[in-house]
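Student: Those sequence lines, one after another, are chains A and B. At position 178 of the first sequence (counting the first as 1) the number is 178 in the working numbering, and the numbers step up by one without a gap. At position 221 of the second sequence (counting the first as 1) the number is 221 in the working numbering, and the numbers step up by one without a gap.
Read the hints as simulated data drawn from the structure, not as lab findings. Note that CB positions come from ideal geometry on N, CA and C, so glycine has one too. Errors might be hidden in some of the hints.
Claimed, not checked - Some chain A residues near chain B, calculated using beta-carbon distances under 7 Å:
| id | residue |
| --- | --- |
| 1 | Leu153 |
| 2 | Ala154 |
| 3 | Val167 |
| 4 | Ala172 |
| 5 | Gly182 |
| 6 | Ser189 |
| 7 | Asp193 |
| 8 | Ala228 |
| 9 | Pro231 |
| 10 | Arg248 |
| 11 | Val329 |
| 12 | Gly332 |
| 13 | Ile333 |
| 14 | Phe339 |
As the list claims (entries may be wrong) - Here chain A is said to cover these stretches of chain B; the calculated rule only asks that three of the stretch's residues, wherever they fall, bring their Cβ under 8 Å from a Cβ of chain A:
| id | stretch |
| --- | --- |
| 15 | 40-49 |
| 16 | 97-108 |
| 17 | 250-262 |
| 18 | 276-284 |
| 19 | 336-342 |
What the hints assert, rightly or not - Anything over 12 Å on all C-beta distances counts as not near chain A; from chain B, calculated:
| id | residue |
| --- | --- |
| 20 | Val35 |
| 21 | Gly150 |
| 22 | Val152 |
| 23 | Leu156 |
| 24 | Pro166 |
| 25 | Trp183 |
| 26 | Val198 |
| 27 | Thr220 |
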Amino acid sequence: MSLSGLVLTRAPALRSRTVSAQAGWLAMTASALLLAVLLSLAVGSRGLIPGELFDVVRGSGTAEARAIVLELRLSRTIAAVIAGAGLAVAGAVIQGHTRNPLADPGLLGVTSGAAVAVVLAIFLLGITDPAGYLWFCLLGALLGTVLVTAVGLAGAKRRDASPASLVLAGAAVNALLGAVTGVMLLLDSASLDVYRFWTVGSLAGGPDAQVLAVAGPLVLAGLVIAIAHAPALDSLALGDDAAKALGRNPLRTRLTGLAAVTLLVGGAVACAGSLGFVGLVAPHVVRRLTGPVHRWLLPQCALVGAVFVLLADVVGRLVVHPDELPVGVVLGIFGGPAFVLIVLRFRRSRRGR
Amino acid sequence: MTVPAVRVLGVSARLRPRYLVVLVTGALAALALSVVSAGVGDYAVPPGRVVAALLGNGDPMEELVVTTIRLPRVLLALVVGAALGVSGAITQATARNALASPDLLGVTAGASVGAVLVIVIGGRDAAGSGILRTVGIPVAALIGGTIAAGLVLLLLRTTGADGLRPLLVGVGVSAFLSGIVSWLMVVATINDAARANVWLTGTLNGRSWAELWAAGAALTVIALPLVVLAPRLLTLRLGIDVARGLGLNTGRTQAMLLLAAVVLAAATTAVAGPIGFVALVVPHLARLATGSAGPPLAASAVLGALLLVAADLVARTAFAPIQIPTGAVTAFVGAPFLIWLLIRNRRGVLT
Numbered sequence: 001m002s003l004s005g006l007v008l009t010r011a012p013a014l015r016s017r018t019v020s021a022q023a024g025w026l027a028m029t030a031s032a033l034l035l036a037v038l039l040s041l042a043v044g045s046r047g048l049i050p051g052e053l054f055d056v057v058r059g060s061g062t063a064e065a066r067a068i069v070l071e072l073r074l075s076r077t078i079a080a081v082i083a084g085a086g087l088a089v090a091g092a093v094i095q096g097h098t099r100n101p102l103a104d105p106g107l108l109g110v111t112s113g114a115a116v117a118v119v120l121a122i123f124l125l126g127i128t129d130p131a132g133y134l135w136f137c138l139l140g141a142l143l144g145t146v147l148v149t150a151v152g153l154a155g156a157k158r159r160d161a162s163p164a165s166l167v168l169a170g171a172a173v174n175a176l177l178g179a180v181t182g183v184m185l186l187l188d189s190a191s192l193d194v195y196r197f198w199t200v201g202s203l204a205g206g207p208d209a210q211v212l213a214v215a216g217p218l219v220l221a222g223l224v225i226a227i228a229h230a231p232a233l234d235s236l237a238l239g240d241d242a243a244k245a246l247g248r249n250p251l252r253t254r255l256t257g258l259a260a261v262t263l264l265v266g267g268a269v270a271c272a273g274s275l276g277f278v279g280l281v282a283p284h285v286v287r288r289l290t291g292p293v294h295r296w297l298l299p300q301c302a303l304v305g306a307v308f309v310l311l312a313d314v315v316g317r318l319v320v321h322p323d324e325l326p327v328g329v330v331l332g333i334f335g336g337p338a339f340v341l342i343v344l345r346f347r348r349s350r351r352g353r
Numbered sequence: 001m002t003v004p005a006v007r008v009l010g011v012s013a014r015l016r017p018r019y020l021v022v023l024v025t026g027a028l029a030a031l032a033l034s035v036v037s038a039g040v041g042d043y044a045v046p047p048g049r050v051v052a053a054l055l056g057n058g059d060p061m062e063e064l065v066v067t068t069i070r071l072p073r074v075l076l077a078l079v080v081g082a083a084l085g086v087s088g089a090i091t092q093a094t095a096r097n098a099l100a101s102p103d104l105l106g107v108t109a110g111a112s113v114g115a116v117l118v119i120v121i122g123g124r125d126a127a128g129s130g131i132l133r134t135v136g137i138p139v140a141a142l143i144g145g146t147i148a149a150g151l152v153l154l155l156l157r158t159t160g161a162d163g164l165r166p167l168l169v170g171v172g173v174s175a176f177l178s179g180i181v182s183w184l185m186v187v188a189t190i191n192d193a194a195r196a197n198v199w200l201t202g203t204l205n206g207r208s209w210a211e212l213w214a215a216g217a218a219l220t221v222i223a224l225p226l227v228v229l230a231p232r233l234l235t236l237r238l239g240i241d242v243a244r245g246l247g248l249n250t251g252r253t254q255a256m257l258l259l260a261a262v263v264l265a266a267a268t269t270a271v272a273g274p275i276g277f278v279a280l281v282v283p284h285l286a287r288l289a290t291g292s293a294g295p296p297l298a299a300s301a302v303l304g305a306l307l308l309v310a311a312d313l314v315a316r317t318a319f320a321p322i323q324i325p326t327g328a329v330t331a332f333v334g335a336p337f338l339i340w341l342l343i344r345n346r347r348g349v350l351t
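All chains should be built: construct the whole structure from the sequences, respecting the hints.
Tutor: This is how it looks when you write it as structure tokens:
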């Protein structure tokens, strides 16, 4: 594979959009997010009519409605927002850094590091409650990223963590960590029993307030870092040499990106298990709205990712009523075909243009 | 440096010494490991006597153990590894993306749905050595994998198969199918889930001659068109526009190449389960080892076979008498090797 294979085969055309158009899109997705949040608070095995929900939001409302919204649905709604925003932004950052549109938050070892740590916690220490493996999850995410970065740096020609060597290092480290997880699960079916529910990504029951209180600030910090380094990331898209000429330091930008991704994915995975799909797909969908400029792409990704996960969670509560489908399953089953539709329709319309 | 070239039947190729060295040493290493692997186990046979048994003048007991019990598994590892290596190299070259692998085109996810469905619905009947396990699961996997990949290629029919589109469509289809697999895993009893997990990790455990013949025949039929297609792959590597300029029907060539890659991968998944690492990484190993510009087909086949035989040997012996899935070991063996190559290869073959 030549170098060109690692770059976008067909880079999206850099259509400049006016600031007002971008702001308009941002307002639209923000209202979509608000709608999705309200939907997530209202829908479930005991549905609430808008009036009841409005009363609760205002601070009044019946005791039953308050209990349902505040104790059952609020925490899972927050978790969905955190997980969706974190994964989608992380996906966009990684796709930007590696210049590979197939890259996803799993690529840099964050998810597989977290998975190994969680399985270790279950397998060796017998911890089965999510608040218990929160710290393992975060620590594992960090170690996974550090490992991939170290290998990527060692493999790069000029010690600048080039996208090609990061991609390969990620593939290798992921496979290694995945195999460790797989073997531990084979040796102990009790661990598998806990792990299979974690890995499918479920919000049922609502995560602990304790987990959210840690994960929320982490994801927020990751978000701020990611958006702050967006202009530097845009310069890197021109190639490392051009970025240097523009006064950027590619290595520092890459390390900043890695830190952001670790915070984002670590927090998201702690909230909702390892949800696939959002991180890979949300950036592709959002790019159609905003174009490739990260300054606009990243905030939009946060909103759209959160909407994705919220809607998937709502659908999961409805389709097998009164049971629930895990949100990770819904994301795949409904999101997959929707994504295929978007890819095919978009390409066709662009060809016609 | 000038490079000698050969021209056979209208196809010319450069003879690069380093490429030949990789091919020959890779093949010899695979052969040697196969002999070792056929001798290792509960009933150990030293390598010298393995060769004697293979040639038909060994001790009858050793011949039984080597040829009837162990040889099919070793040969299957060689065949599956080679097929996965080629399949990965084709996908990466066609899609021109280093992260591309046939898994992304929906094959693995489709095959997994088929196999896990049989395991979960069959329950206890799909365990042990019943017909549901020996025939039902591979057939279900083959059907599932082919339907999924067929769906991806069908969806692309109206838009063409160039660039990133096949992979993105494959990602969508795979997401849909893996959603189904996760759901099946969650609703299954823990015993069925554990069995499904073993299949999903990929294993060559307990394979017989019948399965080897079936896999070998299928793969040979699929691989034949590649003899014609391989030179076009080299043209394709030059870039879509150059290839078109040279008179290649790029859309059709890409679709045919992807089809071959997908069917190769589906057939191997049917016999061995999804062995994830090989198709993605072997082309990179081959490229680093040979120093060639794109994913080399022949070297990928040889190194794929070598990697899988080595991995299977480790799978059988590392935790003996417990056998761990070959798919887990490919990563244990292959990933450190890739990391080592990456670090060593700083001069910049990659970047």
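Student: Would you mind marking each hint as holding or not holding in the structure?
Tutor: Hint check results:
1. Leu153: violated, 10 Å
2. Ala154: holds, 4 Å
3. Val167: holds, 6 Å
4. Ala172: Holds, about 4 Å.
5. Gly182: With a minimum Cβ separation of about 5 Å from chain B (threshold 7 Å), the hint on A/Gly182 holds.
6. Ser189: holds, 5 Å
7. Asp193: holds, 5 Å
8. Ala228: violated, 27 Å
9. Pro231: violated, 24 Å
10. Arg248: Violated - the Cβ of A/Arg248 stays beyond 7 Å from chain B, reaching only about 18 Å at its closest.
11. Val329: The hint holds - A/Val329 has a Cβ within 7 Å of chain B, the shortest such distance being about 4 Å.
12. Gly332: Check passed: Cβ of A/Gly332 comes within 2 Å of chain B, closer than 7 Å.
13. Ile333: Status holds, d = 4 Å.
14. Phe339: holds, 4 Å
15. 40-49: violated (count 0)
16. 97-108: Satisfied; 5 residues make the cut.
17. 250-262: Violated - the stretch 250-262 of chain B has 0 residues with a Cβ nearer than 8 Å to chain A, which falls short of three.
18. 276-284: Three-residue rule met by the stretch 276-284 of chain B, so holds; n is 6.
19. 336-342: Answer holds; 4 residues pass the 8 Å Cβ test.
20. Val35: holds, 26 Å
21. Gly150: At about 14 Å from chain A, B/Gly150 clears the 12 Å cut-off, so the statement holds.
22. Val152: About 9 Å separates B/Val152 from the closest Cβ of chain A, which leaves it inside 12 Å; violated.
23. Leu156: violated, 8 Å
24. Pro166: Its Cβ does come within 12 Å of chain A, the nearest being 10 Å, so this is violated.
25. Trp183: violated, 4 Å
26. Val198: Violated: least Cβ distance 7 Å, not greater than 12 Å.
27. Thr220: Correct as stated: the minimum Cβ-Cβ distance to chain A is 27 Å, above 12 Å.
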